[in-house]
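J.: Can you build the whole structure from these sequences, using the hints too?
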Amino acid sequence: MSPTSSSASSSRPLPRRAAIVGANRIPFARSNGAYARASNQDMLTAALDGLVARFGMAGEHVGEVVSGAVLKKSSDFNLTREAVLGSRLAAATPTYDVQQACGTSLQTTLLIANKIALGQIESGIAAGVDTTSDAPIEVNEGLRSVLLAANRAKSTAGVLKALAGLRPGQIVPEIPANREPRTGMSMGEHAAQTAAAWGITRQAQDEIAAASHQNLAKAYDRGFFDDLMTPYLGLTRDNNLRADSTVEGLAKLKPVFKPAGYPDTEATMTAANSTPLTDGAATVLLASDEWAAERHLPVLAHLVDAETSAVDYVHGDEGLLMAPAYAVPRLLERNGLTLQDFDFYEFHEAFASTILATFAAWEDPIFCKEKLGYDEPLGSFDKSKLNVVGSSLATGHPFAATGARIVPTLAKLLHEKGSGRGLISICAAGGQGVVAILEA
Amino acid sequence: MKTETLDAPPTLGVLYGRALLTARSGGGALPDRRLELAGVRIDADAVADYAHVCGFGVGGVVPPTYPHMLAFPLQMRLMTDREFPLPAPGMVHLRNVITQHRPPEVGEPLTVAVHADRLAAHPKGAQVDLVTEVRDADGTGVWGSRSTYFVRGAPAPEGADEVPAAPPEPEPQVGRLPHAIWTIPADIGRRYAAVSGDVNPIHVNGLAAKAFGMPGMIAHGMWTKARALAALAGRHGPAFTVDVVFRAPVRAPSKAYFHTAAVDGGWDAKLVSPKGKDHLLLTLRDA
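Chains as they are written, first to last, in our numbering: chain A, 1 to 440; chain B, 441 to 727.
Think of the hints as simulated: they come from the structure by calculation, not from any bench.
Ideal Cβ placement from N, Cα and C applies to all residues, glycine included.
Be careful, since some hints might not be right.
[Said to hold, decoys possible] Sample of chain B residues at the chain A side, in silico, Cβ under 10 Å:
1. Arg522
2. Glu523
3. Ile621
4. Trp622
5. Arg631
6. Ala671
7. Arg675
8. Pro678
9. Ser694
10. Lys695
11. Phe698
T.: Next up, the structure:
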C-alpha cells in the first residue's frame, strides 16, 4: 500500500499545478540571541511540528520533505531526515537535503511542486533552516592537513612525523564567513559595488528598509502571521523588527562597505538597509488540489512557473546578486506576461540596494538591450505592491529559510485578495537567482 | 653552447648555502652551457601541495606554472656557480613568460634544460634571463619559460648594449572594477617556499627582506602568477602563452585587487594595490 498516492491522482491530466496549502515557521531571531542554543535540527523540527499541529498531520505520510541549510555541520548530512524522525510526521516519510544558498527553500518548493505536478507525489513539505549562532566551526586549514596526514600515516613514527608539523597558529579556528571564495569579497562588498554601479542612493535604500519594518509591523498587528507561525523559545515575532523605523531615524546610521573600484563613491549601505545574520526555520505544505480537498484544507494559491539563473560575477562584470534581473524576463517571456502584470511583488531584500539595482536595470534601455536583448526596457511597476507585509530587512534572513517564508506569504496575500498573480524573486550567493510566479 | 647533463636534481638547500658563501658582486660573462636533467617525473603529491598553496584544483591538469618547480633547482645551480656573473641571494623576479604547448602529465618522463641569456644593464643594477625548456620522451617541446631576474646594485656587464632587446611588455586592458580582492597571508612566502624550494630570504624573513632593499617580507612573484592563473582555470585552452611582468612587490600580509578581462584570443589581468599601484601585469593568449 502506498499511503501517499490517493485515488484522485489520475483524475486530472498531468502536469497539474501544485497548490500551496499552508505553512508554518518559527519567528526569526537575530544571531546570537534568542536561538543561540538551538541547532538547525532543533529549529527545523519545531517548524515541522508546528505545521503538523496546524494541519492535523500527526502520523501522516507526506510524499516528501525537502529542506536544507546553508551553514551546516558535516554531521548534519541527513538534516531533514533527522528532523522528520524527531517530528510527529510518520517516521516513514522520505526526505532529502538541498542547498542553494539564499535560494534554498524556494528551490525546495519548486522540487516538491514539480513532483506534484508530474503526479509522482500528492503532497510534500518544502522547508529551509539556518543558524548563524550555532554555526559549524572548522579547524584551521593548516591544523586540518596535519591531522589528516597523521590519520593517513600507517606507523607510529609516521604519525609522530606528521604531528611534528603542528604549529601554535593552527589553533585559530575557521569560522564560516559570508564571503565568495572566488572573489574574496563579502556579499556586502559585492552589493556595494552593484549599488555604486547603478547609482543607488542612501535615501532610496533607507526608504525600502523603513517600509519593510513598517509593513511587517502592520501585518503582525492585523494578525497576518497568526496562521503562518508558531512561537519558539519565547519569541512570538521576528525580533529584528523595529516597528518605529523611519527614514529619518535610519539616516543616522553609519554606512559600511565602501565599494572597491569606486574611490570617489561614498558608502551607502548600513546595518538597517542590509539584512542581519539571523536564525530560523520555515516550512510550506504543498499538495495536489485533490489531496487538499480530501482533507478539507484550503488552497491558498498555485505555483505557475519558475526560473533559476546564474551570472558570471567572477570575470563577467555582472553583480553577484543580479541573477534575478535575468531570470525574471525569461520567466515573463515564457508565460506571456509583462513586469506590470502582477498584484504583488515579493522581492527578497538581501540588501535594499540589491532590489533597487534590479529595478534600475529593468528601467534601463541599455541593460535591457545589451544584456537581455530587448528593444524596450521592462519598465517600472507600482511599488505600492512591493513587499506589502515586509520582507527580509525586517524579518531577518536565515539564508535557507527565506524562500519558505516568502512563498506562503505571497500565497496568503493572493488568497486574501481572492484572485490574482504574484512574483517572487530571490538572489543567492554564487551569482544565482530563483524566481517564481504564483496565482490564486 | 655545450650541454651538461646532471644525474640527479640539485639540492636547493646546498645551493643556497653555497650562494650565501660565494655570493659574487657581478662582472664576467654568462656561462656558455646548458644544464639538462632527463627522466624528471612530476609527482602527484607534490603537485597537490603546490595546488593547495596556489589555489589550483587537485587532480585536473598540472598547473601551467608547475613546471617552474622542476626548472628552479637547475636555474639555482646555474646561478650559484662561481662563474655566474650575478649573486643569487636577493634576486628579484621581473618577468616570466610561459609558453605551454600541452599540459605535462603526472609521471611522464620529461627532460628539463636550463640556460642563461641576455645579461643586461638595468637602471638600478643588472638583469639576466633564465630560459627553460621541458621536452617529452619524444623530444617534443611541452613547455618553455623565460624568467627575468634583477639584482639591485649589481654592476652593468660589459657589452650590455649588444644584448637584444626583450619583446614588448604585456599591456593588459582591464576595467576599473576589481573582480576579486586577494588577502595575502603573512606566511605565504614560507608556505610557497615549502612547496617550491625557493627560500630566497626576501620571501621568508622580514629583516632579510629589508636588508635586500624590500619594504618587508614579500610574496613570491611566481606565487602571484600561479594564483592569477588558478583564477582563470577552465577559461583558456591547453596551449597558450602567458606573459607576466612583476611590478611593485606584493607585501605579505597585504590586500590586493585582481582585475580580469576576457579579450580576443585570451585573457588580460592585473593585480594592483588598493592605492592603485601595479603589482602584476598579465596577458594570456591561446595558441
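J.: Look at each hint and say if it fits the structure.
T.: Here's how the hints hold up against the structure:
At about 37 Å, the closest approach between the beta carbon of Arg522(B) and any beta carbon in chain A exceeds 10 Å, and the interface hint on this residue is violated. Because the smallest distance between the Cβ of Glu523(B) and any Cβ of chain A comes to about 39 Å, over 10 Å, the interface hint for this residue is violated. Using the Cβ-Cβ criterion of 10 Å, the hint placing Ile621(B) at the interface with chain A is satisfied: the shortest such distance is roughly 4 Å. Checking Trp622(B) against chain A: minimum C-beta separation of about 6 Å stays under 10 Å; hint holds.
Checking Arg631(B) against chain A by beta carbon gives a least distance of about 9 Å; that is within 10 Å, so the hint holds. With a least beta-carbon distance of about 7 Å to chain A, the hint placing Ala671(B) at the interface is held under the 10 Å criterion. Interface restraint check: Arg675(B) against chain A, minimum CB-CB distance 7 Å, threshold 10 Å, status holds. Because the beta carbon of Pro678(B) sits about 19 Å from the nearest beta carbon in chain A, more than 10 Å, this interface hint is broken.
Taking 10 Å as the C-beta cut-off, the interface hint given for Ser694(B) is violated, the closest approach to chain A being about 13 Å. Restraint check, Lys695(B) versus chain A: the minimum CB separation of about 9 Å is within 10 Å; hint holds. A least Cβ separation of about 8 Å between Phe698(B) and chain A falls short of the 10 Å threshold, and the interface hint therefore holds.
Hint violations for this structure: numbers 1, 2, 8 and 9, all remaining hints satisfied.
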